[in-house]
Amino acid sequence: MTTQARPIRVLIAKPGLDGHDRGAKVVARALRDAGMEVIYTGIRQTPQMIAEAALQEDVQVVGLSILSGAHLELFPRVVQELKSRGVDDVLLFAGGIIPNDDVDAIRTIGFQGVFGPGTDTNDIIAFVRDNAPNRA
Amino acid sequence: MDTNALVEGILGGNRRALARAISHVEANTAAGREVLARLYARTGHAQVVGITGSAGAGKSTLVGAIAREQRKRGRTVGIVAVDPSSPFSHGAILGDRIRMQDLTSDDGVFLRSMASRGNLGGLSEAATGVADLLDAAHFDVVLIETVGAGQDEVEVANAAGTTVLVANPGGGDEVQSMKAGLMEVAQIMVVNKADLAGADTAMTQLRALLSIADLGPWVPPILKAVARTAEGVPELVDAIDKHQEFIRGSEHAHEERRKHAQRQVIAIARAILHREALSTANASGAIAALVEEVAERTRDPRSAAEELLETVRREWASQGERE
Chain H
1 MTTQARPIRV LIAKPGLDGH DRGAKVVARA LRDAGMEVIY TGIRQTPQMI
51 AEAALQEDVQ VVGLSILSGA HLELFPRVVQ ELKSRGVDDV LLFAGGIIPN
101 DDVDAIRTIG FQGVFGPGTD TNDIIAFVRD NAPNRA
Chain Y
1 MDTNALVEGI LGGNRRALAR AISHVEANTA AGREVLARLY ARTGHAQVVG
51 ITGSAGAGKS TLVGAIAREQ RKRGRTVGIV AVDPSSPFSH GAILGDRIRM
101 QDLTSDDGVF LRSMASRGNL GGLSEAATGV ADLLDAAHFD VVLIETVGAG
151 QDEVEVANAA GTTVLVANPG GGDEVQSMKA GLMEVAQIMV VNKADLAGAD
201 TAMTQLRALL SIADLGPWVP PILKAVARTA EGVPELVDAI DKHQEFIRGS
251 EHAHEERRKH AQRQVIAIAR AILHREALST ANASGAIAAL VEEVAERTRD
301 PRSAAEELLE TVRREWASQG ERE
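Residue numbers (this note's numbering), protein chains in the order written: chain H, 1 to 136; chain Y, 1 to 323.
Hints listed in this document are in silico derivations from the structure and should not be mistaken for laboratory results.
Just so we're clear, the structure is a prediction, and the values are computed from it rather than from any experiment.
By construction, the Cβ of each residue, glycine as well, lies at the ideal position given by its N, Cα and C atoms.
Take the hints with a grain of salt, since some may be wrong.
Beta-carbon label-pair distances, calculated as ranges [to be verified]:
#: 1; chain 1: Y; residue 1: 75; chain 2: H; residue 2: 110; range: 33 to 41 Å
#: 2; chain 1: Y; residue 1: 276; chain 2: H; residue 2: 112; range: 53 to 61 Å
#: 3; chain 1: H; residue 1: 122; chain 2: Y; residue 2: 209; range: 44 to 52 Å
If you want the footprint, here are the derived chain H segments under chain Y, 3+ residues with CB under 8 Å [claimed, not checked]:
#: 4; segment: 26–33
#: 5; segment: 50–58
Based on the sequences and whatever the hints tell you, model everything.
This is how it looks when you write it as structure tokens:
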């Protein structure tokens, strides 16, 4: 019996209190149109909710979108919640309004990709395809 | 994680093992099939409920409301929410979690979104396999949500012990279309969004359809609900319990289990046959020439299909001789 090819599964989530999810939805659609299965959780997610959703959905990739400025507060907590659940093999990326000065700090805690406004969605698709961990 | 770790993890309540095993079953891997085979004897305890209805009927919201009501009654809940994959990109946006955000922070709930993946009739095989994993993982209630749009989806609903059909006010034509197949699989019907005009008409239409249906000893109740406010949801859960008692009760239990097992075995056998026959046909290279003849109208599609199946049979027979 043949094993079916597995699409890449991605969780797109918005931590914190800002309510604008246009960017998150644009990215979700672009990844879907590139053949991926995108779980979209909606706005105002706590770090615990994001980590628990990533675990239950067994995603390979987690993308966070944030516009509120609380990224240095919330992103480390998302990483911590993922680790405490044993979810240590997912690709992390972030988008939204993240000042250049903060990008290094975010990369250091494990976000391999940081995409600001004006990013071509094809760049995000290529990033995910190239870096998503393989689940053979 | 190897299959031992997956099996032991699931039985021991490890959510990560459960999530990983679901991915294997979804992709129909050898590990997934082994885990299912080893756990099947541990299933049969959960109340497995299918929730089906057209897109926009409020299924996700209703599933969330049922889950909350079940939690109030002290039961743990596993949810499988199936959404269609795009036939073009094969990708999907799975948004059921949006309607059930609060349930994510509840340890007694496990929600898994699933894309239909258009996998040759394998959807019901995969979705019921995932439901079996949740059952083996000791969830008291397993809810399977599907868009009731095609044979695959009906089959998924059919694999549940109790199937709830969700209809809406003003969906007259929609109710008409339900005559084709869905009516026969539903044991409970619910008119959701019953605070909108036309709810009573929808109830009457469903009653009229039921009156001409070929019913067995169970007569499907027709209920009203407003999933958004949870109105009517306790009554719906009572009705589900009542049907579960009916299928587990002494008089009908064996017959219901036998019918259910037969549906499952046939659905999976059909999916495997479909996959293997197509894979043999593709490998034989016979399709292209036959398709060309039909396209040129030098041959009719029915005889081309028969010729193709004859090729598959010959190929299987010679494989049998080689073994």
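Each hint tested on the structure:
A hinted range of 33 to 41 Å holds for the C-beta pair residue 75(Y) and residue 110(H), which are about 37 Å apart. Against the hinted window of 53 to 61 Å, the Cβ-Cβ separation of residue 276(Y) and residue 112(H) comes to about 41 Å, which falls outside the hint. Residue 122(H) and residue 209(Y) have their C-beta atoms about 50 Å apart, which keeps the hinted 44 to 52 Å range intact. Counting residues of the segment 26–33 of chain H whose beta-carbon sits less than 8 Å from any beta-carbon of chain Y gives 5, enough to reach three: the coverage restraint holds.
Using a Cβ-Cβ cut-off of 8 Å, 6 residues of the segment 50–58 of chain H lie near chain Y, which meets the minimum of three, so the contact claim holds.
Comparing the model with each earlier hint shows a violation of hint 2 alone; every other hint is respected.
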